[in-house]
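Enquirer: The listed protein sequences correspond, in order, to chains A and B. Start counting the first sequence at 1; every next residue gets the next number (our numbering). Start counting the second sequence at 1; every next residue gets the next number (our numbering).
In case anyone wonders, no lab produced these hints; they're calculated from the structure. Every residue gets a Cβ at the ideal spot worked out from N, C-alpha and C, and that includes glycine. Treat the hints loosely; a few may be bogus.
To be verified - The calculated EDC-like cross-link candidates involving lysine to aspartate or glutamate, where the alpha carbons are at most 16 Å apart (straight line), are:
#1 B/54 with B/95
#2 B/266 with B/294
#3 A/119 with B/294
#4 B/48 with B/79
#5 B/290 with B/225
#6 B/188 with A/123
#7 A/119 with B/207
#8 B/290 with B/229
#9 B/266 with B/246
#10 A/5 with A/63
#11 A/119 with B/185
#12 B/88 with B/119
#13 A/112 with B/207
#14 B/129 with A/115
#15 B/188 with A/8
#16 A/112 with B/130
#17 A/70 with A/14
#18 B/147 with B/185
#19 B/188 with A/14
#20 A/119 with A/63
As the list claims (entries may be wrong) - Residues from chain A that keep clear of chain B, each with C-beta distances beyond 12 Å, as calculated:
#21 18
#22 70
#23 79
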Amino acid sequence: MGLEKIREWYRRMERIGEADIPFLEIDGTFYTPRDILRHAEANDIIWKRILEVRPDLDPSPEEISLELLKERIRRKYEQGKLLPIRMLGYPYELTPEQQVAEVEMESPLGMKILEAEKKLLQELQP
Amino acid sequence: MTTGWILDARPLHCRYGEQMYYGLLHAVQYAQSKGYNICDLAGSDAVKEKIYEKLDELNPIFFFGMGHGNIDKFTDDKEWAVWWCGEKSCSLPPDNLRGRIVYLWSCLTARQLGPKIIEHGGWSYAGFKEEWVWVPDRPGGDPYDDKYAKGFFESGNELIIALLDKKTMQEAVQASLDKYNEWIDYWKQSDDPGASECIKWLAWDRDALTLLGDPFASLMQLKIEQGAEFYTDVYLYNPNEELEMDMIVAFGTYNKDTNVFTTVWKYVSQGVSIPHDMSTIRFTCTAEQKGTWDIYAAIGKYDQSTDSFTATDFLIEEDVLIVTD
Chain A
1 MGLEKIREWY RRMERIGEAD IPFLEIDGTF YTPRDILRHA EANDIIWKRI
51 LEVRPDLDPS PEEISLELLK ERIRRKYEQG KLLPIRMLGY PYELTPEQQV
101 AEVEMESPLG MKILEAEKKL LQELQP
Chain B
1 MTTGWILDAR PLHCRYGEQM YYGLLHAVQY AQSKGYNICD LAGSDAVKEK
51 IYEKLDELNP IFFFGMGHGN IDKFTDDKEW AVWWCGEKSC SLPPDNLRGR
101 IVYLWSCLTA RQLGPKIIEH GGWSYAGFKE EWVWVPDRPG GDPYDDKYAK
151 GFFESGNELI IALLDKKTMQ EAVQASLDKY NEWIDYWKQS DDPGASECIK
201 WLAWDRDALT LLGDPFASLM QLKIEQGAEF YTDVYLYNPN EELEMDMIVA
251 FGTYNKDTNV FTTVWKYVSQ GVSIPHDMST IRFTCTAEQK GTWDIYAAIG
301 KYDQSTDSFT ATDFLIEEDV LIVTD
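With the rest of the complex left out, here is chain A (with noise of 0.2 Å):
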């Protein structure tokens, strides 16, 4: 994958609010699109094994581990930007504080949030 590819990609992710959530798990570490970017144009290490494993940064989708999300959730709720949701068949609102205990819980409700989170690091493909 090519720098201006990930350049423009970061881009992206940087102006949804996505650049420092982890995105990518690599033995056992986490890369946010920033980390990926630096690792990038420094063209070092890290970035060659990135480019091993994940040569185009698209994991499929049994590929995104459990912890990686739940990573993401934390991450979002200290930065602020988990919202609060609805659903139709629950009696209340979800607040972020909710959705972070549940998906720590492992919940059958938290599990559901983890999934939507796999499906949203499936929309951020570059």
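Since the structure of chain A is provided, determine the placement of chain B on it from the hints.
Expert: Chain B alone, transformed into the frame defined by chain A:
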């Protein structure tokens, strides 16, 4: 047998009722603007008893509604079950949805209730296999005035609008999916802090939308059993003073190449009073012969001695009636 009527249930008093009530109103108004006969059960009228009563009385081809569903249940304005039927029990079977196109805009009904609707004779069903979720920016009101909620409700309404635009159920579902994607693309270009959450839940709803039954079902096609009675409503616009004319509604086959309509059976009404402005003339018809039929409707002069009709204005629609065993 069904009629050209459409029935909807638009709750107000259940949780998030205000957004359902105003959100669905856009689809209802679209139906009205297209000249459909729509019975809008809104607010406290959107309850099981009235829904059942109107299904029986109007025999609508299409029912849509919002509610708080579950895998085997769809609820009303009081959050009481309207239909309750799943793999383990079936206390409120969806028998009264037989022959109809159904869109249940609620959570989870595609898992068990949707399949049961088709099993009980529903023509086509669309609904969601997961919870239907949206991101609100405001506590209530019209979701079209809410910057985050608008995309979710527009995408959900698109299915109804496409059906009203004479698309098949499959095309209508695709139109709705396209609208979800359109909004996802919109948020991808945005710098709003809520953009990423909107993308997430729009993708979630999009992927949960499920179509069951006949993908080719449409409002343009009435599918009924041979011998059954149905209504054909002819919409007229007369810019002049009230006048009297003869009218004909015929079922048969239209050959585009020769521009000839071959009548199989017909209904003629003589001396029909056509008032100034908009009016609707209803013909009570019977499904005489099996097959897929085109319709010819005209105003003009009927000559009884030759059994011929000279039209001053007419309309031909193809493949509008399917008569089955």
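Enquirer: Of the hints given before, which are not true for this structure?
Expert: 3, 10, 17, 21 and 23
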